[in-house]
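Peer 1: Those protein sequences? They're chains C and B, same order as listed. Residue 376 in the working numbering sits at position 376 of the first sequence, and the numbers go up by one each step. Residue 110 in the working numbering sits at position 110 of the second sequence, and the numbers go up by one each step.
It is possible that part of the hints are untrue.
Sample of chain B residues at the chain C side, in silico, Cβ under 7 Å [to be verified]: (1) Gly73; (2) Thr74; (3) Ala77; (4) Arg78; (5) Arg83; (6) Glu89; (7) Val102; (8) Gln105; (9) Ala106; (10) Ala111; (11) Leu113; (12) Gly121; (13) Arg122.
A few chain C residues that don't get close to chain B, going by computed Cβ distances all over 12 Å [stated by the list, open to error]: (14) Gly83; (15) Leu249; (16) Val415; (17) Gly472; (18) Ser554.
For the record, the hints were derived by calculation from the structure and aren't laboratory data. Just so you know, these numbers come straight off a predicted model, no measurement behind them. Glycine included, each C-beta is placed from N, C-alpha and C at the ideal position.
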Amino acid sequence: MSDVLDYAIRGVPIGCVFALLAVGLVLTYRTSGVFNLAFAAQAYTSAAVFYVVRHDHRWPLLPAAVLAVGLVAPALGLLLERGIFRHLRGAPPVARTVTSLGLLVAIPEVVKLWIGDSPQKNPPPLWPVTRTDEWLWPRQGARYVLDAGQVVTLLATVLVVAALTALLRRSAIGLRMRAVVESARMTQLAGVDADRVSAVAWILSSLLAGLTGVLLAPLFAELLPLHFFTLLVAALAACVAGRLVSIPLAVAGGIGLGVAQAVFAGLLPTDSVLATGLRPALPFVVLFLALLLRPPRLGDKVETDPLAGVDPPPPAPATVAGSRGLTVASRVGGVAAVVVGLLLGLFVLDDFWLQLVVSGVVLGVILLSFTVLTGMGGMVSLCQATFAAIGAFTTARVVDTSGAPVLVAMLAGTVLAAAIGGLLAVPLLRLDGIYLTLATLAFALMFQNVLVPLDWVSGGSVPLDVPRPLLGGIDLADDHAFFVFAVLCLALVGWVVLRLRDATTGRFLDAVRGSEDAAISVGISPLRQRVVAFALAAGIAGFGGGLLASWNESANYAQSFDFFYGLVWVVLVVTMGARSIQAAVFGGLTFFLFPQLLQRLPLLPTDWATGLSVALFGLGALTYARHPEGIIEANAARVVARFSREPAA
Amino acid sequence: MTALLDAVGMTKRFDGILALDEVPLSVDEGERVGLIGPNGAGKSTLFDCLTGRLAPDSGRVTFRGSPLDGRSGTARARLGLARTFQRVELFAGMTVTDHLLVALQARSGRASLWRDLLGRGRPTPEERSRASEIVSLLGLTAEADRPVESLTLGHARLVELGRALACEPALLFLDEPSSGLDRSEADAMATVLERVCAESGMAILLIEHDVPLVRRLVTRLYVLDAGRLVAEGPTEEVLATPAVRTAYLGTDVLDAVTDAGHAETGDGAVGADDAGVTEVPS
Numbered sequence: 001m002s003d004v005l006d007y008a009i010r011g012v013p014i015g016c017v018f019a020l021l022a023v024g025l026v027l028t029y030r031t032s033g034v035f036n037l038a039f040a041a042q043a044y045t046s047a048a049v050f051y052v053v054r055h056d057h058r059w060p061l062l063p064a065a066v067l068a069v070g071l072v073a074p075a076l077g078l079l080l081e082r083g084i085f086r087h088l089r090g091a092p093p094v095a096r097t098v099t100s101l102g103l104l105v106a107i108p109e110v111v112k113l114w115i116g117d118s119p120q121k122n123p124p125p126l127w128p129v130t131r132t133d134e135w136l137w138p139r140q141g142a143r144y145v146l147d148a149g150q151v152v153t154l155l156a157t158v159l160v161v162a163a164l165t166a167l168l169r170r171s172a173i174g175l176r177m178r179a180v181v182e183s184a185r186m187t188q189l190a191g192v193d194a195d196r197v198s199a200v201a202w203i204l205s206s207l208l209a210g211l212t213g214v215l216l217a218p219l220f221a222e223l224l225p226l227h228f229f230t231l232l233v234a235a236l237a238a239c240v241a242g243r244l245v246s247i248p249l250a251v252a253g254g255i256g257l258g259v260a261q262a263v264f265a266g267l268l269p270t271d272s273v274l275a276t277g278l279r280p281a282l283p284f285v286v287l288f289l290a291l292l293l294r295p296p297r298l299g300d301k302v303e304t305d306p307l308a309g310v311d312p313p314p315p316a317p318a319t320v321a322g323s324r325g326l327t328v329a330s331r332v333g334g335v336a337a338v339v340v341g342l343l344l345g346l347f348v349l350d351d352f353w354l355q356l357v358v359s360g361v362v363l364g365v366i367l368l369s370f371t372v373l374t375g376m377g378g379m380v381s382l383c384q385a386t387f388a389a390i391g392a393f394t395t396a397r398v399v400d401t402s403g404a405p406v407l408v409a410m411l412a413g414t415v416l417a418a419a420i421g422g423l424l425a426v427p428l429l430r431l432d433g434i435y436l437t438l439a440t441l442a443f444a445l446m447f448q449n450v451l452v453p454l455d456w457v458s459g460g461s462v463p464l465d466v467p468r469p470l471l472g473g474i475d476l477a478d479d480h481a482f483f484v485f486a487v488l489c490l491a492l493v494g495w496v497v498l499r500l501r502d503a504t505t506g507r508f509l510d511a512v513r514g515s516e517d518a519a520i521s522v523g524i525s526p527l528r529q530r531v532v533a534f535a536l537a538a539g540i541a542g543f544g545g546g547l548l549a550s551w552n553e554s555a556n557y558a559q560s561f562d563f564f565y566g567l568v569w570v571v572l573v574v575t576m577g578a579r580s581i582q583a584a585v586f587g588g589l590t591f592f593l594f595p596q597l598l599q600r601l602p603l604l605p606t607d608w609a610t611g612l613s614v615a616l617f618g619l620g621a622l623t624y625a626r627h628p629e630g631i632i633e634a635n636a637a638r639v640v641a642r643f644s645r646e647p648a649a
Numbered sequence: 001m002t003a004l005l006d007a008v009g010m011t012k013r014f015d016g017i018l019a020l021d022e023v024p025l026s027v028d029e030g031e032r033v034g035l036i037g038p039n040g041a042g043k044s045t046l047f048d049c050l051t052g053r054l055a056p057d058s059g060r061v062t063f064r065g066s067p068l069d070g071r072s073g074t075a076r077a078r079l080g081l082a083r084t085f086q087r088v089e090l091f092a093g094m095t096v097t098d099h100l101l102v103a104l105q106a107r108s109g110r111a112s113l114w115r116d117l118l119g120r121g122r123p124t125p126e127e128r129s130r131a132s133e134i135v136s137l138l139g140l141t142a143e144a145d146r147p148v149e150s151l152t153l154g155h156a157r158l159v160e161l162g163r164a165l166a167c168e169p170a171l172l173f174l175d176e177p178s179s180g181l182d183r184s185e186a187d188a189m190a191t192v193l194e195r196v197c198a199e200s201g202m203a204i205l206l207i208e209h210d211v212p213l214v215r216r217l218v219t220r221l222y223v224l225d226a227g228r229l230v231a232e233g234p235t236e237e238v239l240a241t242p243a244v245r246t247a248y249l250g251t252d253v254l255d256a257v258t259d260a261g262h263a264e265t266g267d268g269a270v271g272a273d274d275a276g277v278t279e280v281p282s
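Generate coordinates for the entire structure from the input sequences, incorporating the hints supplied.
Peer 2: Printed below as a string of structure tokens:
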């Protein structure tokens with residue numbers, strides 16, 4: 001029993017780190033309505049700044065800490081609030097989610113460009129000694145020992161929570177913050193500058209994010225953005241425990257999670273599946289369970305402002321009306337592009353470029369799953385890469401064990417991914433908007449941490465082999481033949497999506513997105529429509545995953561299906577245009593071709609290409625709030641408008 | 001004969017506040033029934049409980065003799081309950097015609113992924129002509145292909161009504177259909193409703209504050225106050241009950257109409273002012 005207590009006490013400091021970020025998330029969410037996923041990126045930024053000045057430039061502790069936590073973090077927060085999120089206050093929740101996702105993807109890449117490619121080993125701690133075990137407390141030999149880092153973390157948490165409580169309870173700005181939480185509109189009508197209040201909240205919460213970044217970094221051997229994603233998920237779990245609104249509950253949730261993690265680590269035998277699989281996945285499991293077991297009630301919607309209904313509704317996103325010219329233009333243009341693309345691929349491109357183009361076409365198939373889910377269903381899923389991986393692994397396994405033709409195995413992967421997607425959807429879809437997105441993120445990370453390392457799933461350290469299909473005597477081992485096959489697959493899936501989009505499936509989803517209550521009142525079941533969309537999207541991603549594995553001739557998780565790609569793909573598709581087929585195709589091609597094009601730009605360091613392109617993909621999401629129809633359609637509409645105006649002029 | 005809709009003992013609490021207290025309600029086939037009461041009386045809550053948007057804490061509802069309890073809003077809609085909303089609920093981004101087509105397609109109940117894949121998920125010519133019939137019935141022909149965001153509130157309410165009518169309901173729940181409409185628009189809506197009821201035998205349950213509209217449309221009236229049923233009976237009789245007048249209509253509506261003569265003739269001050277006004281130019 002005392003062992004448990006011992007482990008529990010060791011878990012408190014890391015729990016405090018979770019709690020600090022959770023407090024930041026709650027604070028921003030309540031004052032500006034943004035659930036800022038980019039806090040993970042901001043934490044990473046501060047940790048990186050601290051690393052560079054302390055480790056590379058040998059600054060003393062205090063100035064380094066002041067710079068990283070006290071200056072860079074709040075400045076970045078203020079920049080994001082002023083430059084981006086302030087203008088999104090009236091935007092739909094999806095726009096805010098997508099924007100913060102884009103930043104989550106972009107910011108670490110920008111930071112990496114700055115600090116360079118070499119690994120950042122042994123991040124320095126936020127305490128004066130170099131070795132963490134030198135300063136023990138209460139003293140050496142005591143039963144419960146905390147090292148200096150843990151003591152600093154505990155002190156920082158107590159200080160921060162006390163200061164925040166005092167600020168919110170006693171100060172004028174705290175009173176205003178609480179008022180803005182109740183109703184931003186009403187507070188503004190009472191003569192309070194809500195913009196200023198929200199800016200202060202962002203500065204404070206970004207400060208917390210920076211602090212957690214610097215506190216967390218030394219717990220790992222190397223400074224990697226991935227650790228901060230994990231931190232984000234843990235903080236999210238803590239927030240959900242407090243229903244996204246309560247700061248004390250979020251603190252309790254964070255500390256509880258840290259304790260649970262430490263107790264698990266201590267009690268489970270180190271070599272069991274539970275220890276290797278479940279322990280690192282605990283935050284994801286907790287987030288997942290918290291979302292399912294404490295689902296937000298019907299009344300817990302984002303819009304709790306009593307004056308929410310007084311503003312006129314936001315302008316409509318792209319509507320179908322009046323864009324017939326655009327439709328015709330895009331159909332004709334689409335066919336022409338396919339023909340030209342095929343000819344180019346078969347007769348002009350050399351092997352290197354053909355490889356990239358085929359990869360892009362295959363990715364286009366996967367990206368069509370976003371067209372269904374996000375474009376038609378209005379849901380942001382962060383686990384489409386996971387479904388693609390399920391399709392790929394199934395394809396590999398079926399071929400391996402039964403010797404079935406690759407195409408049959410790919411169909412099996414499609415069906416399995418769709419089934420898992422459908423099953424996952426049933427509990428998830430009771431969740432709304434941001435909660436759904438968080439649950440898919442938890443699922444993706446759970447899959448990556450628990451299932452992917454297992455031999456029977458991914459083959460362990462050696463990726464599974466997947467052969468190329470043999471189609472009616474044509475061996476698709478030839479890249480040109482596979483290119484044609486991939487284009488045909490893309491056309492087939494695109495046709496299916498297009499057909500569904502314009503028929504009842506798509507229209508009913510539009511209706512549900514427009515007004516769930518009204519959809520129910522005409523006899524549409526929102527749950528059924530969404531489950532269908534989810535399963536369909538998972539199936540499409542699974543099919544694309546199998547195709548990608550076959551093209552690469554191996555189901556390589558790290559190379560093709562890492563959860564981070566899932567994030568990049570979302571922002572890429574949404575930026576291009578979530579509803580259109582050509583945006584998915586263009587997105588797939590862009591993903592593979594754009595870095596290569598950047599690499600060939602003069603003046604740009606060649607090792608910048610990959611990072612810069614991911615950063616640009618992420619920043620592209622910032623256009624979403626302005627152009628929810630996507631930049632392709634927005635520009636096409638401009639061109640069509642110009643052409644149709646000219647005869648009249 | 002069983003009633004079309006029969007509800008007994010409808011009770012709903014919100015965090016300790018009793019929004020509905022053992023309210024009974026029944027509507028016969030083709031009957032037009034009104035539901036009035038001050039704001040917060042529980043009218044919309046009763047609607048939500050009857051249409052399946054909310055689950056009542058207790059109470060039973062039957063529709064054509066079969067129980068509705070525990071059935072989803074979707075299932076109830078398919079059985080023939082349609083509704084409009086107090087705060088207009090439209091499908092953002094869709095045109096007026098699309099609203100009707102979606103309702104018509106949902107009503108057919110045949111929609112499925114496979115039909116869509118076989119290319120049979122688009123509106124049939126019959127559904128299209130039915131949609132344009134409804135559009136012209138509502139007088140929205142000029143707006144048929146406009147997205148609903150560009151409509152005035154009055155037109156938006158008509159679209160909601162049209163969408164509900166497209167479901168060809170046996171019972172239509174109308175939640176303050178005339179709010180935001182001017183007199184002539186409200187009268188036009190009443191005319192449409194009367195026509196549909198006469199043609200299809202549709203029953204109506206109407207929440208409305210506009211007394212002339214209530215008088216014109218419904219034959220029987222329920223009065224709710226603070227979650228309890230305070231009166232029920234033929235429209236004119238109920239409206240004449242003193243209890244109803246004090247509980248709900250009070251000074252605002254009925255008194256203003258019936259006491260208007262009193263005020264003008266009985267109050268000397270008004271006459272004096274009038275005299276004063278006429279004196280100025282001379």
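Peer 1: Run the structure past the numbered hints and jot down the numbers of the failing ones, going up.
Peer 2: none
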